[in-house]
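A.B. asks: Each chain, letter by letter, is given below.
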Amino acid sequence: MSPKSAMYRLVSRLILVAGAFVSLFPFYWTAVAATNPSGKVFAKPPQLVPGSMFLENLFNLNASIGIFRVLFNSTFVTCVYTLFSLTVCTMAGYAFAKFRFPGRNALFSVFLVSLMVPYHATLIPLFKMMASWEWINTYLALIFPNVAYPFAIFLMRQNLLAMPDAVMEAARIDGVGEWRLFVSIVLPSMRPALAAAAIYLFVYQWNNFLWPLVATSTKEMYTLPVALSSLIGLSRIDYGQVMTGVTIATGPIVAFFLILQRQFISGILGGAIKE
Amino acid sequence: MRTKAHVPYLFLMPAIVLFSVFTVYPIVYSFLLSFQTGAGGNMKYAGLANYRRLLEDSIFWKSLSNTFIILAVQVPVMLFLALVLASMLHSLVRGRAFFRISFFMPAVTALVSYSIIFSLMLAGDGLVNQLLEAVGLKAVPWLSHPVWAKAAIILALTWRWTGYNMMIYLAGMQNIPDSLYEAASIDGAGKIRQFFTITIPQLRPIILLTAILSTIGTLQLFDEPYTLTRGGPSDATLTIGMYLYQTGFRYFDFGYASTLAYVIVVLIAVLSFVQFRITGGKD
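Going line by line, the protein sequences match chains H and F. So for the first sequence, this note's numbering puts the first residue at 1; every next one is plus one. So for the second sequence, this note's numbering puts the first residue at 1; every next one is plus one.
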């Protein structure tokens, strides 16, 4: 090996290690802060060893924002939304991928074009609409707006295009009804794509902030991001509590990610990567 | 064997109904609102009044320039960093899985969560300043100085999104034939030359895609400035997305807020088109 390429190897390894450290350190630091009293966040020298205050922080956090209720809200809304949206988007993607019908291309273009329209353009009318239906501060308001998620429809269509028509034709000749064909033949063969889309939708909704911020105004209906943000707005901030909240919001997602790495990466990148 | 003509429409029905009610209708309604003034439910048609107001609204121009400064610095820096990391990782034989997971981990965090973490690390007596002082540098007023506050947001954004883009580039690199690199090595081109003459040109369509995605994301920037700096100090990190939120939900000026929303719509359309023409048009 030439000295130049040995040098490249060394420098690139150093950069990668430094990058990995920068990427991971905030996670560790957050977990440490969640187990220590509030003042330790700014301690000199920095507090880098976990403490034993996690439970106390958790109970204080529950006293100030009702973390268990908030955690339930986030979990409930995210799970119902993911199932609901996955069903609706997979059905639509199936129609676009496997049927020819008048208006197909026009309808599909409408969904595609809407991918370019920012969420902000729907924010004000959505709020007015939900206010007039008295949906503000309800789970309905948190779940419904993005059920028909154009990107998920697109993702499912792309994956369904690759499924051979012969299987479906054979089933139809055997007299299998359209709905049964979809549920018991098409869906089971789409498991990896369904997993990717489900992860995409789950992470989107779990982390969603702007709409829940607009659609909820009482602590009982807050989702995790809104509740955490409300803590930061207080004049006296208890950092131990805040970091406990951040840990609770981040922990489950990181754990899922570590268990299902492949599916997660392909899900979050919207199926752009297949391995 | 023919299927009945109504079958595909039945499969599409839920998506079409929900999409019409919760997306199409609001987009159209918001466009109409942008030509109205008034408060709450009391809206009147006012022609182009909101659009004229934009021209004289110094806060709007400030939020526009803030957004563009963040965009112009953050997106190129992040995409370049992602490219460098991806090509280093691509030539790595062992330990690749560890680095992939590490770099991607920030991309699963909620925007609010990581903004909170950064607001504590970048605080006056926070961890980052302690580190700077430990190596003999001066503490930086990250969140209280107009320029540094923008830098804080850029740093946070880069932490969150570099690994995400790196992963897209890594996937693209698998399609670059090894023979190109081997030929370049034989001709005596070093790794850095190869990066600029092979990797970047070969990835051009993917770089375009990531540039457009990042531009769309940055133009809608809201969660980070809202959490990290609250738009301050003195509106130095107020983005268009935040200004829209304040106008709509603090002052309940739905007409003008809708006008701001359409400014974002138009900017995204124009910038995506321009980037597409510049980068992708040659093929």
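Careful: at least some of the hints might be erroneous.
Said to hold, decoys possible - Here are the simulated BS3-like cross-link-like pairs (lysine-lysine), alpha carbons at most 25 Å apart as the crow flies:
1. F/K44 with H/K128
2. F/K150 with F/K62
3. F/K138 with H/K44
4. F/K138 with H/K40
Unchecked claim - Okay, the calculated beta carbon distance ranges per label pair:
5. H/W133 with F/V135: 34 to 44 Å
6. F/V135 with H/P252: 53 to 63 Å
7. F/D187 with H/Q158: 37 to 47 Å
8. H/R9 with F/A97: 16 to 26 Å
9. H/V11 with F/I200: 50 to 60 Å
Said to hold, decoys possible - Which stretches of chain H does chain F cover? Using the computed rule of at least three CB atoms under 8 Å from a CB of chain F, they are:
10. 18-28
11. 55-68
12. 112-118
Derived from the structure by calculation, the hints contain no laboratory data. Quick reminder that beta carbons are idealized off the backbone N, C-alpha and C, glycines included.
A.B. asks: All hints, please: hold or fail.
C.D. replies: Against the structure, the hints:
1. Note on F/K44 and H/K128: the hinted pairing holds, with a Cα-Cα distance of about 15 Å set against a maximum of 25 Å.
2. Using a Cα cut-off of 25 Å, the hinted pair F/K150 and F/K62 holds, with the two alpha carbons roughly 13 Å apart.
3. For the given pair, F/K138 sits about 16 Å from H/K44 by alpha-carbon distance, which is consistent with the 25 Å threshold.
4. Between the alpha carbons of F/K138 and H/K40 the distance comes to roughly 22 Å, so the proposed pair stays at or under 25 Å and holds.
5. The hinted range of 34 to 44 Å is not satisfied by H/W133 and F/V135, whose Cβ atoms lie roughly 57 Å apart.
6. F/V135 and H/P252 have their C-beta atoms about 36 Å apart, which leaves the hinted 53 to 63 Å range violated.
7. For F/D187 and H/Q158, the Cβ-Cβ distance of about 39 Å falls inside the hinted range of 37 to 47 Å, so the restraint holds.
8. Our hint of 16 to 26 Å for H/R9 and F/A97 holds, since their Cβ atoms are close to 19 Å apart.
9. H/V11 and F/I200 have their C-beta atoms about 19 Å apart, which leaves the hinted 50 to 60 Å range violated.
10. With 7 residues having a beta carbon nearer than 8 Å to a beta carbon of chain F, the segment 18-28 of chain H meets the requirement of three or more and the stated coverage holds.
11. For the segment 55-68 of chain H, the stated coverage by chain F is not satisfied: 0 residues place a CB nearer than 8 Å to a CB of that chain, which falls below the threshold of 3.
12. Counting residues of the segment 112-118 of chain H whose C-beta lies closer than 8 Å to any C-beta of chain F gives 4; at least three are required, and the coverage claim holds.
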